[in-house]
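Enquirer: By the count of full-length UniProt numbering, the sequence shown reaches residue 86 at its end, each step adding exactly one.
Heads up, a few of these hints could be off.
The calculated label-pair distances, taken between Cβ atoms and stated as ranges, are [unchecked claim]: (1) K66 - T27: 14 to 24 angstroms; (2) E5 - Q82: 13 to 23 angstroms; (3) E5 - D55: 17 to 27 angstroms; (4) S81 - D19: 30 to 40 angstroms; (5) D24 - A49: 17 to 27 angstroms; (6) V20 - Q53: 13 to 23 angstroms; (7) A23 - E59: 30 to 40 angstroms.
In short, the hints are calculated from the structure, not lab data. Every residue, glycine too, gets a C-beta built ideally from N, C-alpha and C.
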Amino acid sequence: MTLHEQIKQLIIDCLDLEDVTIADIETDAPLFGDGLGLDSIDALELGLAIKKQFDVKIEANSDATKAHFYSVATLASFIESQRGQE
Numbered sequence: 001m002t003l004h005e006q007i008k009q010l011i012i013d014c015l016d017l018e019d020v021t022i023a024d025i026e027t028d029a030p031l032f033g034d035g036l037g038l039d040s041i042d043a044l045e046l047g048l049a050i051k052k053q054f055d056v057k058i059e060a061n062s063d064a065t066k067a068h069f070y071s072v073a074t075l076a077s078f079i080e081s082q083r084g085q086e
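Model the full assembly from the supplied sequences, consistent with the hints where possible.
Expert: Structure (structure tokens):
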């Protein structure tokens, strides 16, 4: 499973998106607003799940964090950049 697929599955699992499959989530589509339609509470839950699964540090309420959470592609880039920076 690719990192993009892992992130998509994590989004589905942690947010209980029962009618959504990995194929339904576009890699470059926005996760919030007009894209997948997630809200700020979803963002908190997803952030916690990503921290736990991928062991990365996420700053709350920073503009950089908002940019990382734009899409699956930007999340994957962020996770890859954080790996090995212990």
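Enquirer: If a hint holds in the structure, say so; if it does not, say that too.
Expert: Evaluated hints:
One distance hint, 14 to 24 angstroms for the beta-carbon pair K66 and T27, holds here, with the actual separation near 18 angstroms. Here the CB-CB span from E5 to Q82 is close to 19 angstroms, well matched to the stated 13 to 23 angstroms. Range check, E5 to D55: about 18 angstroms between beta-carbon atoms, so the 17 to 27 angstroms window is met. For the pair S81 and D19, the supplied restraint of 30 to 40 angstroms holds, since their beta-carbon distance comes to about 32 angstroms.
A beta carbon spacing of about 18 angstroms between D24 and A49 agrees with the range 17 to 27 angstroms that was offered as a hint. Between V20 and Q53 the CB atoms are about 18 angstroms apart, so this pair conforms to the stated range of 13 to 23 angstroms. A beta carbon spacing of about 31 angstroms between A23 and E59 agrees with the range 30 to 40 angstroms that was offered as a hint.
When each numbered hint is compared with the structure, no violation occurs for any of them.
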